[in-house]
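Please build the complex by placing chains S, F and Z on the supplied structure of chain G, with the hints as guidance.
There are 4 protein chains.
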Amino acid sequence: MPDSLRELTTQLQQFARDRDWGQFHSPKNLASALIVEAGELLEHFQWLTEDQSRKLDDTKREAVGAEMADVLLYLLQLSSALDIDLIAAAQAKIKVNARKYPVDVARGSSRKSDER
Amino acid sequence: MPDSLRELTTQLQQFARDRDWGQFHSPKNLASALIVEAGELLEHFQWLTEDQSRKLDDTKREAVGAEMADVLLYLLQLSSALDIDLIAAAQAKIKVNARKYPVDVARGSSRKSDER
Amino acid sequence: MPDSLRELTTQLQQFARDRDWGQFHSPKNLASALIVEAGELLEHFQWLTEDQSRKLDDTKREAVGAEMADVLLYLLQLSSALDIDLIAAAQAKIKVNARKYPVDVARGSSRKSDER
Amino acid sequence: MPDSLRELTTQLQQFARDRDWGQFHSPKNLASALIVEAGELLEHFQWLTEDQSRKLDDTKREAVGAEMADVLLYLLQLSSALDIDLIAAAQAKIKVNARKYPVDVARGSSRKSDER
Chain G
914 MPDSLRELTT QLQQFARDRD WGQFHSPKNL ASALIVEAGE LLEHFQWLTE
964 DQSRKLDDTK REAVGAEMAD VLLYLLQLSS ALDIDLIAAA QAKIKVNARK
1014 YPVDVARGSS RKSDER
Chain S
914 MPDSLRELTT QLQQFARDRD WGQFHSPKNL ASALIVEAGE LLEHFQWLTE
964 DQSRKLDDTK REAVGAEMAD VLLYLLQLSS ALDIDLIAAA QAKIKVNARK
1014 YPVDVARGSS RKSDER
Chain F
914 MPDSLRELTT QLQQFARDRD WGQFHSPKNL ASALIVEAGE LLEHFQWLTE
964 DQSRKLDDTK REAVGAEMAD VLLYLLQLSS ALDIDLIAAA QAKIKVNARK
1014 YPVDVARGSS RKSDER
Chain Z
914 MPDSLRELTT QLQQFARDRD WGQFHSPKNL ASALIVEAGE LLEHFQWLTE
964 DQSRKLDDTK REAVGAEMAD VLLYLLQLSS ALDIDLIAAA QAKIKVNARK
1014 YPVDVARGSS RKSDER
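Chains as they are written, first to last, in the numbering used here: chain G, 914 to 1029; chain S, 914 to 1029; chain F, 914 to 1029; chain Z, 914 to 1029.
Okay, chain G solo, but in the shape it has when bound (with noise of 0.2 Å):
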């Protein structure tokens, strides 16, 4: 992991060892907690149309970092608690994804796209 995601996943851990917050940092819950995040952050797009989507006001954009950071945290703390690296994984990802979806037959392909 690049230091700064490993940066970030030290601090996490001392933060809740600091609050005894353990007990409640299941896999489990970590999950759940993520999906939570994730909803907060698509409130914000919900009621916007693609267009308005791609242009949001500076006051927008940090509350939605906001939410993205949250999402960030939460799976970093489920890394951490299952070891999982997690750029690892999303590099295996990739490479699975391009397999899926070759060049000549997924491109500009709504229906392609839709089926991933």
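Be a bit skeptical, because a hint or two may be false.
Because identical chains cannot be distinguished in the list, a pair is counted as satisfied if it fits within a single copy or across any two copies.
Claimed, not checked - With a cut-off of at most 20 Å between alpha-carbon atoms, the simulated SDA-like pairs for lysine to any residue come out as follows:
#1 K1013 to Q927
#2 K1006 to V1016
#3 K973 to D996
#4 K1006 to S993
#5 K1008 to R919
#6 K1013 to Q924
Don't read these hints as lab results, they were simulated from the structure.
Just so you know, these numbers come straight off a predicted model, no measurement behind them.
Chains S, F and Z only, in chain G's frame:
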């Protein structure tokens, strides 16, 4: 952003460009795709006890890692689409949380953590 | 509760009892299962434009209906587990919303609806 | 559909029409709003143990009921937008599940229920 996140982001941008998927990848749609993956992640835990979720076997752990990778990949694509520095946002969020949950008040309190 | 919801609820209670699934069906787990199904529902729409989502073909419409059914079934099981009258709660919520979004203020306003 | 669901649906249609919200209520957006509410519902349970989730106090139970109502209201609006008979879909789904989880195989099995 650290090198490996930047590298992943660059790969994802190339991947979408090769397939002409930019048209589907509005922030609104990426935030939807992210929560859909967060649901697939949670699905692995929904009938487990918290204890069982702490002791996944290797097959399950790998499957969980693949879903976490999906969440990360959409998070990176969203931050790239909105030009948000995810690591900076996460660092800022940790500071906010430190003020919000002082050690002496939040320590071991499920009520406190319940209100997060 | 109306007869058909009550009937569905009774069937679901019998179904879980026959399989000894009560042990898995804590409110916490049912709320997780519900959002997992809501994710499978959203998956059908994630890459569609809003326009396309208004014009589903029959196959897709049926698949979407099946996911909506899953959401309803978990909602009913949750209301039965918590002894909550879903219809009464919905009626109460409509009244709350009517006060929160007065016609003259909320009319045609995406900003208003954005803040829902 | 039973009378009270039909009545709720009619009220919701009128509510949206009065506020000219039809433009925002594409099936895609309604499915997003539904999962956002499902997240607010899950938020109440995320740090509770399963046991605690079975014994909510009255305040919490009422708050949970209000979130469940929100999920139901979006589910009804979605079924009205797509002209889907929710009760018929639920009845069909129960039949599918009965075939998928025969009593003798599924009885008390978390593995089975895990794969739902």
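These are the hints, each one checked on the structure:
In this assembly of identical chains, K1013 and Q927 lie within 20 Å of each other by CA distance solely across copies; the values are 16 Å between and 40 Å within a copy. In this assembly of identical chains, K1006 and V1016 lie within 20 Å of each other by CA distance solely inside one copy; the values are 16 Å within and 37 Å between copies. Proximity of K973 to D996 under the C-alpha cut-off of 20 Å is restricted to the inter-copy arrangement: shortest distance 13 Å between copies versus 34 Å within a copy. Taking the shortest alpha-carbon separations for K1006 and S993, both the intra-copy value of 19 Å and the inter-copy value of 18 Å come in at or below 20 Å.
Only between protomers do K1008 and R919 lie at most 20 Å apart by alpha-carbon distance; the minimum there is 17 Å, versus 23 Å within a single protomer. In this homomeric assembly, K1013 and Q924 come within 20 Å of each other (Cα to Cα) only across copies, at 16 Å, whereas the closest approach inside a single copy is 37 Å.
Every hint from the earlier list agrees with this structure, and none is contradicted.
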